[in-house]
Amino acid sequence: MHNLQQRLSATFSFAVSALFTVLGVVAAISWVTGYGTAATKVNVRDIRVIQSRYGPDYFDYGRKTSEFGMLKFDIDADLTPLFNWNTKQVFVTVVAEYETKTHNKNHVVVWDKIITDKDSAKIALRKVSNKYALIDFSQKWRNQVANLSVHWDVTPHVGFLQNGRGDTSTVSFTFPKFEGGR
Amino acid sequence: MSLADYLEWNIDFEGQRLAELISQVILTISAIVGFLYGYVQQSLEATIMIFGVGFAITLLVTLPPWPIYNRNPVKWVSVQHEKVEDRVTSE
Amino acid sequence: MFEELRRLNKRQVALQVLNILMVLTSALMIWKGIALATNSESPIVVVLRITDIHSYQKLSGSMEPAFHRGDLLLLTNPASQPVQVGDICVFQIPHRDIPIVHRVIKLHDEAKTGKQFLLTKGDNNNVDDRGLYNARQMWINKEHVVGRVRGFMPYVGMVTILMNDYPQLKYVMLGVLGLFVLIHRE
Numbered sequence: 001m002h003n004l005q006q007r008l009s010a011t012f013s014f015a016v017s018a019l020f021t022v023l024g025v026v027a028a029i030s031w032v033t034g035y036g037t038a039a040t041k042v043n044v045r046d047i048r049v050i051q052s053r054y055g056p057d058y059f060d061y062g063r064k065t066s067e068f069g070m071l072k073f074d075i076d077a078d079l080t081p082l083f084n085w086n087t088k089q090v091f092v093t094v095v096a097e098y099e100t101k102t103h104n105k106n107h108v109v110v111w112d113k114i115i116t117d118k119d120s121a122k123i124a125l126r127k128v129s130n131k132y133a134l135i136d137f138s139q140k141w142r143n144q145v146a147n148l149s150v151h152w153d154v155t156p157h158v159g160f161l162q163n164g165r166g167d168t169s170t171v172s173f174t175f176p177k178f179e180g181g182r
Numbered sequence: 183m184s185l186a187d188y189l190e191w192n193i194d195f196e197g198q199r200l201a202e203l204i205s206q207v208i209l210t211i212s213a214i215v216g217f218l219y220g221y222v223q224q225s226l227e228a229t230i231m232i233f234g235v236g237f238a239i240t241l242l243v244t245l246p247p248w249p250i251y252n253r254n255p256v257k258w259v260s261v262q263h264e265k266v267e268d269r270v271t272s273e
Numbered sequence: 274m275f276e277e278l279r280r281l282n283k284r285q286v287a288l289q290v291l292n293i294l295m296v297l298t299s300a301l302m303i304w305k306g307i308a309l310a311t312n313s314e315s316p317i318v319v320v321l322r323i324t325d326i327h328s329y330q331k332l333s334g335s336m337e338p339a340f341h342r343g344d345l346l347l348l349t350n351p352a353s354q355p356v357q358v359g360d361i362c363v364f365q366i367p368h369r370d371i372p373i374v375h376r377v378i379k380l381h382d383e384a385k386t387g388k389q390f391l392l393t394k395g396d397n398n399n400v401d402d403r404g405l406y407n408a409r410q411m412w413i414n415k416e417h418v419v420g421r422v423r424g425f426m427p428y429v430g431m432v433t434i435l436m437n438d439y440p441q442l443k444y445v446m447l448g449v450l451g452l453f454v455l456i457h458r459e
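Protein chains in written order, with my numbering: chain A, 1 to 182; chain B, 183 to 273; chain C, 274 to 459.
Here chain A stands alone, though its shape is the one from the complex:
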């Protein structure tokens, strides 16, 4: 510890250890206390089924008969309880869940949003259209019943990712059978 370079490296390594200890405690606290729950509500305004072609990334682009669900919904969510000092961002999703004969679990994200600070954590949107293609694995909808719910995913500044869902917000809807014509 005689000369400059030794003092510098010793100080630097102690500083790094101290910093990592602090961050470790922060991560541990977040892991133990969690991020709380948010109040969410979603309801379905409209659901239609149309036939269309998949985008050019999809290998059956030529086929014109893939059935897509066109969903319009309202969402109310207050996600402010999820923000503490360790919250880096909250990823909110609206997910449609349903079961078919061939596939017993189907979860499709229809809408998502990234929220990075507490001030923009209150959501109240009306007549939102689904962001992502609402298409079944079989590419057909047949009077399918589905649930719509709100989920969130918290990314911390340091530590473990945690997620949750708004249980009170689940709402059911039915895909009408595509009758023909648009």
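Calculated directly from the structure, the hints in this document are not laboratory data. Possibly wrong hints are sitting among the right ones.
Stated by the list, open to error - Here are the simulated DSSO-like cross-link-like pairs (lysine-lysine), alpha carbons at most 27 Å apart as the crow flies:
id: 1; chain 1: A; residue 1: Lys127; chain 2: A; residue 2: Lys113
id: 2; chain 1: C; residue 1: Lys415; chain 2: C; residue 2: Lys388
id: 3; chain 1: A; residue 1: Lys105; chain 2: C; residue 2: Lys443
id: 4; chain 1: A; residue 1: Lys131; chain 2: A; residue 2: Lys41
id: 5; chain 1: A; residue 1: Lys105; chain 2: A; residue 2: Lys41
id: 6; chain 1: A; residue 1: Lys127; chain 2: A; residue 2: Lys41
id: 7; chain 1: A; residue 1: Lys140; chain 2: A; residue 2: Lys101
id: 8; chain 1: A; residue 1: Lys101; chain 2: A; residue 2: Lys64
id: 9; chain 1: A; residue 1: Lys72; chain 2: A; residue 2: Lys41
id: 10; chain 1: A; residue 1: Lys127; chain 2: A; residue 2: Lys72
id: 11; chain 1: C; residue 1: Lys388; chain 2: A; residue 2: Lys105
id: 12; chain 1: C; residue 1: Lys415; chain 2: A; residue 2: Lys105
id: 13; chain 1: C; residue 1: Lys388; chain 2: A; residue 2: Lys101
id: 14; chain 1: A; residue 1: Lys101; chain 2: C; residue 2: Lys385
id: 15; chain 1: A; residue 1: Lys131; chain 2: A; residue 2: Lys113
id: 16; chain 1: A; residue 1: Lys113; chain 2: A; residue 2: Lys72
id: 17; chain 1: A; residue 1: Lys127; chain 2: A; residue 2: Lys177
id: 18; chain 1: C; residue 1: Lys385; chain 2: A; residue 2: Lys113
id: 19; chain 1: A; residue 1: Lys122; chain 2: A; residue 2: Lys64
id: 20; chain 1: A; residue 1: Lys177; chain 2: A; residue 2: Lys88
id: 21; chain 1: A; residue 1: Lys140; chain 2: C; residue 2: Lys388
id: 22; chain 1: C; residue 1: Lys415; chain 2: A; residue 2: Lys140
id: 23; chain 1: A; residue 1: Lys177; chain 2: C; residue 2: Lys385
id: 24; chain 1: A; residue 1: Lys140; chain 2: A; residue 2: Lys64
id: 25; chain 1: A; residue 1: Lys64; chain 2: A; residue 2: Lys131
id: 26; chain 1: A; residue 1: Lys88; chain 2: A; residue 2: Lys41
id: 27; chain 1: C; residue 1: Lys415; chain 2: A; residue 2: Lys131
id: 28; chain 1: A; residue 1: Lys72; chain 2: A; residue 2: Lys101
id: 29; chain 1: A; residue 1: Lys88; chain 2: A; residue 2: Lys64
id: 30; chain 1: A; residue 1: Lys113; chain 2: A; residue 2: Lys41
id: 31; chain 1: A; residue 1: Lys140; chain 2: A; residue 2: Lys72
id: 32; chain 1: A; residue 1: Lys177; chain 2: A; residue 2: Lys140
id: 33; chain 1: A; residue 1: Lys140; chain 2: C; residue 2: Lys385
id: 34; chain 1: A; residue 1: Lys122; chain 2: A; residue 2: Lys72
id: 35; chain 1: A; residue 1: Lys72; chain 2: A; residue 2: Lys131
id: 36; chain 1: A; residue 1: Lys101; chain 2: C; residue 2: Lys415
Stated by the list, open to error - Quick look at which bits of chain A chain B covers, simulated, 3 or more residues with Cβ under 8 Å:
id: 37; segment: 5 to 13
id: 38; segment: 17 to 25
id: 39; segment: 84 to 92
All C-beta atoms in this analysis are idealised placements derived from N, C-alpha and C, irrespective of residue type, glycine included.
With chain A held as given, fit chains B and C onto it using these hints.
Chains B and C alone, transformed into the frame defined by chain A:
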């Protein structure tokens, strides 16, 4: 002092102990204070900034060879010119 | 400092050279170890079998603002837990070199086999990952998933990124290390 000695920023052993103690104390205190303040304010940025300031202060206080670190200079034994007879008898 | 160099005799020079070689080889070992653990496929599999946890370095910007280049991600991959929508997965497309770290936005579990059909998308991308999958591949399955992101530490991986972007930095660092060992006699 030659340029090489000056650039090394040497300090004596007593000063070395003092510098190490000071750096550990400052860093620990700024880590704890930063943690508590950030927790109360719910701002991780505050914690990091307080720690960063503490780190900068530590560097400023312990890196340069301030005179307090050189209060007990190492007493080197002076070079002794050996007598030729002594060398012969001891070998 | 420079007088000491002049005073070194042959044995001491040899000793210093050996010291340097030891430092260099251990630095190289550490470097290769880190590179292996985070970039290539097989060591990851081995680590998974032993501990089920390993670390991963994030290289591109498709998951911002959650993850940035240089962040360290902690993954787990227990075979018993099915992937959920919203999970951030590290997956590898066959015949592609680089694993991708994106979020699962669709899943369909086959009733009979339990096989999972997953579609992923980067948070910061507008389109899903089908353009990244192989031609005619519409879904990925659990076997493509290397792990699910569970934990996170920012900026720790910056050193590796810097090393990748500026390979001269590697030599500069080793050179400086070597210089210190050479000059320093204790």
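Hint by hint, here is what the structure shows:
Straight-line distance between C-alpha atoms of Lys127 (chain A) and Lys113 (chain A) comes to about 16 Å, which keeps the hinted pair within the 27 Å bound. Taken as a hint, the Lys415 (chain C) and Lys388 (chain C) pair is honoured in the structure, with Cα atoms around 8 Å apart against an allowance of 27 Å. As the CA atoms of Lys105 (chain A) and Lys443 (chain C) are separated by approximately 49 Å, the hinted pair breaks the 27 Å bound. Taking the CA atoms of Lys131 (chain A) and Lys41 (chain A), the gap is about 18 Å. The hint holds against a cut of 27 Å.
Between Lys105 (chain A) and Lys41 (chain A) the alpha-carbon distance is near 23 Å, which keeps this suggested pair within the 27 Å criterion. As the CA atoms of Lys127 (chain A) and Lys41 (chain A) are separated by approximately 14 Å, the hinted pair is consistent with the 27 Å bound. Restraint check: the Cα-Cα separation between Lys140 (chain A) and Lys101 (chain A) comes to about 13 Å, which is no more than 27 Å; the hinted pair holds. Only pairs whose Cα atoms come within 27 Å are accepted, and Lys101 (chain A) paired with Lys64 (chain A) is accepted, the gap being roughly 24 Å.
Proximity of Lys72 (chain A) to Lys41 (chain A) is assessed by CA-CA distance (about 14 Å); at most 27 Å being required, the pair is judged to hold. Our distance criterion of 27 Å between C-alpha atoms is met by Lys127 (chain A) and Lys72 (chain A), whose separation comes to about 5 Å. Our distance criterion of 27 Å between C-alpha atoms is met by Lys388 (chain C) and Lys105 (chain A), whose separation comes to about 10 Å. For the suggested pair Lys415 (chain C) and Lys105 (chain A), the alpha carbons sit about 15 Å apart, so the restraint of at most 27 Å is met.
Distance check on the hinted pair: Lys388 (chain C) and Lys101 (chain A) sit about 14 Å apart at the alpha-carbon level, within 27 Å; holds. A hinted pair counts as satisfied when its Cα atoms are at most 27 Å apart, and Lys101 (chain A) with Lys385 (chain C) qualifies at roughly 10 Å. Proximity of Lys131 (chain A) to Lys113 (chain A) is assessed by CA-CA distance (about 10 Å); at most 27 Å being required, the pair is judged to hold. For the suggested pair Lys113 (chain A) and Lys72 (chain A), the alpha carbons sit about 16 Å apart, so the restraint of at most 27 Å is met.
For the given pair, Lys127 (chain A) sits about 22 Å from Lys177 (chain A) by alpha-carbon distance, which is consistent with the 27 Å threshold. Simply put, Lys385 (chain C) and Lys113 (chain A) have alpha-carbon atoms about 34 Å apart, too far for the 27 Å limit, and the pair is violated. Between Lys122 (chain A) and Lys64 (chain A) the CA atoms are separated by roughly 40 Å; this puts the pair beyond 27 Å, and the hint is violated. Between Lys177 (chain A) and Lys88 (chain A), the direct Cα distance comes to roughly 42 Å. Violation of the 27 Å bound is thereby established for this hinted pair.
Straight-line distance between C-alpha atoms of Lys140 (chain A) and Lys388 (chain C) comes to about 20 Å, which keeps the hinted pair within the 27 Å bound. Between Lys415 (chain C) and Lys140 (chain A) the CA atoms are separated by roughly 24 Å; this keeps the pair inside 27 Å, and the hint holds. For the hint linking Lys177 (chain A) to Lys385 (chain C), the alpha-carbon distance of about 25 Å falls within 27 Å, and the restraint holds. Our distance criterion of 27 Å between C-alpha atoms is met by Lys140 (chain A) and Lys64 (chain A), whose separation comes to about 12 Å.
A distance of roughly 20 Å separates the Cα atoms of Lys64 (chain A) and Lys131 (chain A); the hinted pair therefore holds under the 27 Å criterion. About 24 Å separates the Cα atoms of Lys88 (chain A) and Lys41 (chain A), which keeps this hinted pair within 27 Å; it holds. With a C-alpha separation of about 25 Å, the suggested pair Lys415 (chain C) and Lys131 (chain A) falls inside the 27 Å cut-off, and the hint holds. Restraint check for Lys72 (chain A) and Lys101 (chain A): the C-alpha separation of about 26 Å stays at or below 27 Å, so the hint holds.
Proximity of Lys88 (chain A) to Lys64 (chain A) is assessed by CA-CA distance (about 43 Å); at most 27 Å being required, the pair is judged violated. Distance check on the hinted pair: Lys113 (chain A) and Lys41 (chain A) sit about 15 Å apart at the alpha-carbon level, within 27 Å; holds. Under the criterion of a C-alpha separation no larger than 27 Å, the hint pairing Lys140 (chain A) with Lys72 (chain A) is consistent with the structure, at around 19 Å. For the suggested pair Lys177 (chain A) and Lys140 (chain A), the alpha carbons sit about 9 Å apart, so the restraint of at most 27 Å is met.
Of the supplied pair hints, the one linking Lys140 (chain A) and Lys385 (chain C) holds, its CA atoms being roughly 20 Å apart against a limit of 27 Å. A hinted pair counts as satisfied when its Cα atoms are at most 27 Å apart, and Lys122 (chain A) with Lys72 (chain A) qualifies at roughly 20 Å. A distance of roughly 10 Å separates the Cα atoms of Lys72 (chain A) and Lys131 (chain A); the hinted pair therefore holds under the 27 Å criterion. A distance of roughly 21 Å separates the Cα atoms of Lys101 (chain A) and Lys415 (chain C); the hinted pair therefore holds under the 27 Å criterion.
Requiring three or more residues with a Cβ within less than 8 Å of a Cβ of chain B, the coverage given for the segment 5 to 13 of chain A holds, as 4 such residues are present. With a cut-off of 8 Å between beta carbons, the segment 17 to 25 of chain A has 5 residues touching chain B; three or more are needed, and the interface restraint holds. A stretch counts as covered by a chain when three or more of its residues have a beta carbon under 8 Å from one of that chain; for the segment 84 to 92 of chain A and chain B the count is 3, and the coverage holds.
This entry does not satisfy hints 3, 18, 19, 20 and 29, going by the numbered hints stated previously.
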